[in-house]
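There are 4 protein chains.
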Amino acid sequence: MCGIVGIVDAGGVSFPLYYTLYALQHRGQESAGISTFEGTALYTHKAQGLVAEVFSGDTLQGLPGNAGIGHVRYPTARSKVPDSVQPFNFKYRGLNLSIAHDGSLVNTSELREEYERRGQIFCTTADTEIMGSIIADALRTSKSMEDAVLLCMRRLRGSYAAVALLNNTIYAFRDPLGIKPLCIGKIDHGYIVASESVAIDALNGTFIRDVLPGELIRIDENGLSSTQIATANRKAHCIFEYIYFARADSIIDGTLVYDVRRRIGQKLYDVAPVGANTVCPVPDSGIAYAAGYAERSGIPFVEGLMKNRYMGRTFIMPTQQQRERAVRIKLNTVRGNLKDKKVVLVDDSVVRGTTSRRIVNMIQEAGAEEVHLRVGSPPIVSPCYLGVDMPTRTELIASGKKVEEVRKSIGATSLTYIPIEDLVEAIGCGKQNLCTGCLTGCYPVEINGERCSRYIVNYMAGTHQSDFSTFKTGKEKI
Amino acid sequence: MCGIVGIVDAGGVSFPLYYTLYALQHRGQESAGISTFEGTALYTHKAQGLVAEVFSGDTLQGLPGNAGIGHVRYPTARSKVPDSVQPFNFKYRGLNLSIAHDGSLVNTSELREEYERRGQIFCTTADTEIMGSIIADALRTSKSMEDAVLLCMRRLRGSYAAVALLNNTIYAFRDPLGIKPLCIGKIDHGYIVASESVAIDALNGTFIRDVLPGELIRIDENGLSSTQIATANRKAHCIFEYIYFARADSIIDGTLVYDVRRRIGQKLYDVAPVGANTVCPVPDSGIAYAAGYAERSGIPFVEGLMKNRYMGRTFIMPTQQQRERAVRIKLNTVRGNLKDKKVVLVDDSVVRGTTSRRIVNMIQEAGAEEVHLRVGSPPIVSPCYLGVDMPTRTELIASGKKVEEVRKSIGATSLTYIPIEDLVEAIGCGKQNLCTGCLTGCYPVEINGERCSRYIVNYMAGTHQSDFSTFKTGKEKI
Amino acid sequence: MCGIVGIVDAGGVSFPLYYTLYALQHRGQESAGISTFEGTALYTHKAQGLVAEVFSGDTLQGLPGNAGIGHVRYPTARSKVPDSVQPFNFKYRGLNLSIAHDGSLVNTSELREEYERRGQIFCTTADTEIMGSIIADALRTSKSMEDAVLLCMRRLRGSYAAVALLNNTIYAFRDPLGIKPLCIGKIDHGYIVASESVAIDALNGTFIRDVLPGELIRIDENGLSSTQIATANRKAHCIFEYIYFARADSIIDGTLVYDVRRRIGQKLYDVAPVGANTVCPVPDSGIAYAAGYAERSGIPFVEGLMKNRYMGRTFIMPTQQQRERAVRIKLNTVRGNLKDKKVVLVDDSVVRGTTSRRIVNMIQEAGAEEVHLRVGSPPIVSPCYLGVDMPTRTELIASGKKVEEVRKSIGATSLTYIPIEDLVEAIGCGKQNLCTGCLTGCYPVEINGERCSRYIVNYMAGTHQSDFSTFKTGKEKI
Amino acid sequence: MCGIVGIVDAGGVSFPLYYTLYALQHRGQESAGISTFEGTALYTHKAQGLVAEVFSGDTLQGLPGNAGIGHVRYPTARSKVPDSVQPFNFKYRGLNLSIAHDGSLVNTSELREEYERRGQIFCTTADTEIMGSIIADALRTSKSMEDAVLLCMRRLRGSYAAVALLNNTIYAFRDPLGIKPLCIGKIDHGYIVASESVAIDALNGTFIRDVLPGELIRIDENGLSSTQIATANRKAHCIFEYIYFARADSIIDGTLVYDVRRRIGQKLYDVAPVGANTVCPVPDSGIAYAAGYAERSGIPFVEGLMKNRYMGRTFIMPTQQQRERAVRIKLNTVRGNLKDKKVVLVDDSVVRGTTSRRIVNMIQEAGAEEVHLRVGSPPIVSPCYLGVDMPTRTELIASGKKVEEVRKSIGATSLTYIPIEDLVEAIGCGKQNLCTGCLTGCYPVEINGERCSRYIVNYMAGTHQSDFSTFKTGKEKI
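Residue numbers (our numbering), protein chains in the order written: chain Z, 7 to 484; chain L, 7 to 484; chain E, 7 to 484; chain P, 7 to 484.
Calculated directly from the structure, the hints in this document are not laboratory data. There may be inaccurate statements among the hints.
Identical copies look the same in the list; a pair holds intra-copy or inter-copy alike.
[What the hints assert, rightly or not] List of simulated lysine-lysine pairs, DSBU-like, C-alpha gap at most 30 Å: (1) K192 - K408; (2) K348 - K408; (3) K348 - K149; (4) K149 - K407; (5) K408 - K437; (6) K149 - K414; (7) K345 - K437; (8) K348 - K414; (9) K313 - K336; (10) K345 - K192; (11) K313 - K192; (12) K408 - K149; (13) K348 - K192; (14) K414 - K192; (15) K336 - K192; (16) K348 - K437; (17) K437 - K336; (18) K313 - K149; (19) K149 - K437; (20) K407 - K192.
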């Protein structure tokens, strides 16, 4: 996953983009980048590292203009190459295009082949370069970004929320199923689109609404307009955004993430009540869940694990044996809160199981009598092809194992996952509007060798080249 | 305040010291340093910055030996000079002494004058240099560290917990009133003394006990021994360690800090119950208090404020006007958890009042109907002379103001401080054993122009020079 | 200008590439980069900065493989964008191509337009991306790098010496006129191609010969082979390489640069003898010239200017007024060697004249009686379009001015430039084989609005697609 | 050795000090520091590293005031401890003293013992701390810096040139034999004292004269005054400053260093003429010598070795075997200038012989027929106790070896050292006024186990405490 943002602001955008990237830093710590446009030129600064490491006062001063986009990238095994650092720029006959993108395409190889057949030479293996090539290619014949994005939506299969800077105009769009989040806000002298509403909060702006699946938003100095490029008979919002990825204070597709997690916590008690002394969260992601559990059960919320806030990527461990030590420095048990206690331990999810096993063990070593693990997601049994960096099936502890086997492996006294129905109810938009691929193995788009819950997308203007103007009347001034 | 640690470990100490300084980093982010001893030489690396910034793999490799001490320093206005970075070294006739110290002396100027009269030229204005001079001076005539520390205890007025590295032996001692914390732990191949027990946890060690007020601990390769240098008729543990300064997962003078804060939270409800929808902590320091309040009141614990974990000292703010923005990026409101809610807001303390005012305002802007501020400490009315970097009386919002005036100034619907009796009860060691100077204006040691609650200290061996050996029989093998 | 290098070495290439980039650092201080290939993947590390700043032990360890290329880039106004940092990568149907290039094309805009018409979307405005696109495009139909480079040579107009890494094979080629230098060396376990022979020296290798104009060199684990892709009826070696740009210890197209400069120095005396006390070089570029002048004239070589070796890009100057100060710190006069002396001041060239004026003035302030400026190049009167970052005509002090006017402007007692015939003779390859555009305004390739001394290029195999195999028999094992 | 500087300037001194430390950087690359004084406070910034690394715009802005001192430190085995970084500060009863010092004392241990007996506890083992203690101690009783420096001169044995900042006044003094250099200059709004005259040049100032041996200079906002504290019947200027250490463009004790080196080069030919084709310097230190040799002999000066200007301390060498490679990158042979040539190779000195052996070998590998090594100093046979970081006798190649043995070991065709008489004549101040310890084993001060050429020092005012005022009348306004 990644975090993206686009801003038009009459007072300059490099500092606002920098601030919002701080707010979205949890969506990617591998690299950061900003593109702005002024006069006739694109300005880009991007590098591997945290936002704090990539930008200095000087580099921000060197990014002039009132329109720009920003990106933070999640570390994945494949992505540790400087070529993948976004935004990506495209130059084409005086056209200056910069694109930043969150998501993952599943038909990359067929698209690459097609475009390579037609003469395109790619510089990287990044999805974003393919998306940019399709857009720039379309702009050759049409000059209309609506046409270009329509072509994207027809051709790209997978998840994508994207912001594009075309000269001094920002475009933003989401795939027709709305897999990746994207929302719109009003700020003092302009507008902002961003992966999560916390970016709007960072500028003290006002949340307007989410970008609709299949919608294209256009922002320039004159304001904001919208075109619906494609509509589908369902949505497929990534369920893992609610479970883990998004910040708890974000509103994603109309729902406050904190609320979802708290409700799941409440339901976890209803589903599997246990007589315990203490509800203890795994920090930080388990806190909202544990608060809900405590609220419903009446069992006190007491922290049994403390996180060290000073650990960073520069922490030095000379030997493998000392890796164990690093865990103890990063996460410490509050023995007095655990000793001789029956503990309900609440976490958001269990992926490989290694961390859960270690934490359960630490709590037992601290003297807990019982450790009841409650998990805010159903068992994760399938990989994600649509943008979350998850392991393969063989590495997923729950894949092909019964819950009791998982419990034994982790060493907990009892283990309860939230049933998928309760999770869906807590989110509130209906199972048919969520992507539950990692929980069910059934994906909203066709993926080789996997099951797919089909969907129908209606592209506006089948005869889009001649007729595009007609549905442009659908523009609404927000 | 500062964090200190001393380790003797047969497997080398530079990495263990580094790890424990991470665990104590909350006690000081201004500078960090480590001294070790091997063969006949002292090795020191220290600089301004966070532990992560000061040390590299190379610098740690360059600190050999099985005995060493470490220090992290709290930023104070006065301390931003490289000369204040600890540990301090002293060289005297083949003696290699390095000292790290937490605390603040109140008779510095008279000691300086006396020693300067006797010929000592100081390099800095730091208390630690005075302490080191007294020790090194005493070692000229006695060769016994017990004598030297006895002289310290007779002469130094104020708070001090100190670790000293004398060749390959570690000494650790606390002032006779035990104002600053210090505790002892067993690790795999040796022993550790540290400001807080979390440092012992970081090495997966076993907490033994606190260093007693007036006690001198000696650690070398043969083990650990103790000498009681002075005893007092009372203690004066810093009450602010429990309120704010120490980590919640530390055990300070026999009491788990988390427990104190949770109990205060419970009492805050008993003292001033209010019908509300939500108990919301000010992160991170208010969480344990809020958990206790929620537990007692039955009102759900729900986070209304989210802290950005990526803000560091490199955050760039070009203009004053944008400082406001920084606050919003650092702390965001969870509107959905606050809108139309009656909120109990729980914080550990109110010092200047500026932060509280801003937070109450943010919560109101997020739509809260009522904001009831509950504070885990009594009003802070007097400055601290004993090591906590607090403002002067005129800057303390509660100094000379009634609670209702403070409430108005902050803008809360209601405001309740914990009464001092309840705070003392929550700590459990009796008011006579706590330093409550900042809350009462009455200090445990004589300070010019301030009230003092007198105490009697008994120094072991009035005829200590001839007779020191006799009370050395008091050594106990722990 | 830039520096390029390609290495195949059975013992790994990242460290050898790093060492050779140090040797070529004078050819570009703006950015540095290395690409290597191992298994099926391309590894690239590149960034803005000096070689010493861009690479660490870790980044070099992260560049595996036995074949790789490197690049250092000269700072130009236009190039201060991260997108211009080389090598450039191209991915195309399993093909992994990385290219580094020294030179400048003059038909960029028509090539861009053509390729954009055919569907190519460019990411940057760099010449290297165009070159890479032509190569990758040709490889679609031919699979033969010979074809691809033939296409390059037919299409590209301008100067280029290039190294390409295609999977684990290195290709190197020079434009048909050989404007930019490139040479071949043998190292312990492989071969090297590099801009200058000093890179071969850095690896203690053996210089073999220069790459011929129009020649394509191929290096893989089996050795080195060559194909002549194009031949021209003349050469056009950049004359400024000999005057200033190349290191004095390099052999460029068969001639030791030091020798050229020393011979010019000798001739400068013959052309305009003067009775003086001292021959003083402008360091460092004037030293070889001054040594030659002293040798021929018998006037002692004595340094009158000393360069500070510690000045770097981090030097801090708070105000414009202090810029003057920076000059004095960077370059100091040795008054004792100048006072009351008749000084022959020898420099390699005079471009804008500002530096010369300042230096002449400093020498006069130091008390010199006369300052006779002798310049190792003829007046520079025209801009360079072929890779040297030179100013426009209006900024060139000699453009449209008589020598006497220049002398007055600089303030020297007398001023003599080397006549172009003597310069050409000192180089030894004949005027028809040199590019003298900056000295004559007549360029070896067609440039809009400039005069051109035409040339004829013979491309091997007019029917190259069918017939390419035939001239491949021309391969010679070196 | 070290470099020191003191400046009083009405326009602020932190930037001027920074610029002069750049000019003195060759005297020490291990650490750098600046102290300034404003109002009632001393400001110090110092750290290990080059001037460019230690200071930023921010740190310089943070050093206010119109009086200050600076220091650069030479790397020695012993000095790699942060405690040795100068300037050193001393605080004593409102007195603010900062000291920076170049030189080395030989009676450190007896002084330490005496002061320790009297109660002084030292923080470091640095000579500078002892000097500062003596001064501060003297200021207790006398308040007169003249008295304090008189006490220093009576007590300190060894070499020292020092600058002291006492509140807003600069004091500078040299030992009575003037072993280490120190000179005075006039700058725009004040005065400067510095180790070498190049520091004055860096500020475009005017050289006034050298500080006399035994003289104390005082600079404040009212100007400059001088007191002769001690006079000796001889001087003992460090001969190695002329040979190697000082910059060639400096004037040391009245003599331009370049001139000395050039004259030595001339004499080297007179002493041992040889029929050769080429005079080749070892860069950079051999250049002035080689120029002199070429001038006298008529053999052309031609560079056969080129130094890479980009090598710094960050150069990465993964293995010992690659250290060899580093030499080749740092120093390259110009084969064309050496092949089949009879080469006179000129260097300033031969210490361990390892570098000379390697260079002679490189020149032979480049094809030279003969390599005649000419050395600008006599054989170095004894260690230096007075400030130059030289190896012990066993490591000195010439110690106990005949010249022919050294020649064989180095592998040169012939080897000639300059005779000491010629060296002394080239310097011009008489052998009795030079310290030639490293060349003769006879030192100007008493050193345990070494021969000493005695001297007589006359201290002004034997009854100095009562009578100091009398010789203060000796103050001269310069």
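**Prompt:** At most 30 Å between C-alpha atoms: does K407 with K192 qualify within a copy, between copies, both, or neither?
**Reply:** neither (48 Å within a copy, 41 Å between copies)
**Request:** Could you place K348 and K149 in one of the four classes (within, between, both, neither) given a Cα distance threshold of 30 Å?
**Result:** neither (66 Å within a copy, 54 Å between copies)
**Message:** Treating 30 Å as the Cα threshold, decide for K149 and K437: within, between, both or neither.
**Reply:** Neither way: K149 and K437 sit 39 Å apart in one copy and 51 Å across, limit 30 Å.
**Request:** Classify it for me, K414 with K192: is the Cα-Cα distance of at most 30 Å met within a copy, between copies, both or neither?
**Result:** neither (51 Å within a copy, 32 Å between copies)
**Request:** Evaluate K408 and K149 at a C-alpha cut-off of 30 Å and name the case that applies: within, between, both or neither.
**Result:** neither (56 Å within a copy, 53 Å between copies)
**Request:** Classify it for me, K408 with K437: is the Cα-Cα distance of at most 30 Å met within a copy, between copies, both or neither?
**Result:** within (23 Å within a copy, 56 Å between copies)
**Request:** Have a look at K149 and K407 and pick one of within, between, both or neither, based on CA distance no larger than 30 Å.
**Result:** neither (54 Å within a copy, 49 Å between copies)
**Prompt:** Is the C-alpha distance from K348 to K408 at most 30 Å within one copy, between copies, in both cases, or in neither?
**Reply:** within (24 Å within a copy, 44 Å between copies)
**Prompt:** At most 30 Å between C-alpha atoms: does K149 with K414 qualify within a copy, between copies, both, or neither?
**Reply:** neither (61 Å within a copy, 57 Å between copies)
**Asked** When no copy is named, should K345 and K192 be tagged within, between, both, or neither for a Cα gap of at most 30 Å?
**Response** between (50 Å within a copy, 20 Å between copies)
**Message:** Reference check for the pair K192 and K408, CA-CA at most 30 Å: within, between, both, or neither?
**Reply:** So K192 and K408 fail the 30 Å test inside a copy (48 Å) and across (42 Å) alike.
**Message:** Cα distance capped at 30 Å. Does K437 pair with K336 within a copy, between copies, both, or neither?
**Reply:** neither (37 Å within a copy, 35 Å between copies)
Checked against the numbered hints above, the structure breaks hints 1, 3, 4, 6, 12, 14, 16, 17, 18, 19 and 20 and satisfies the rest.
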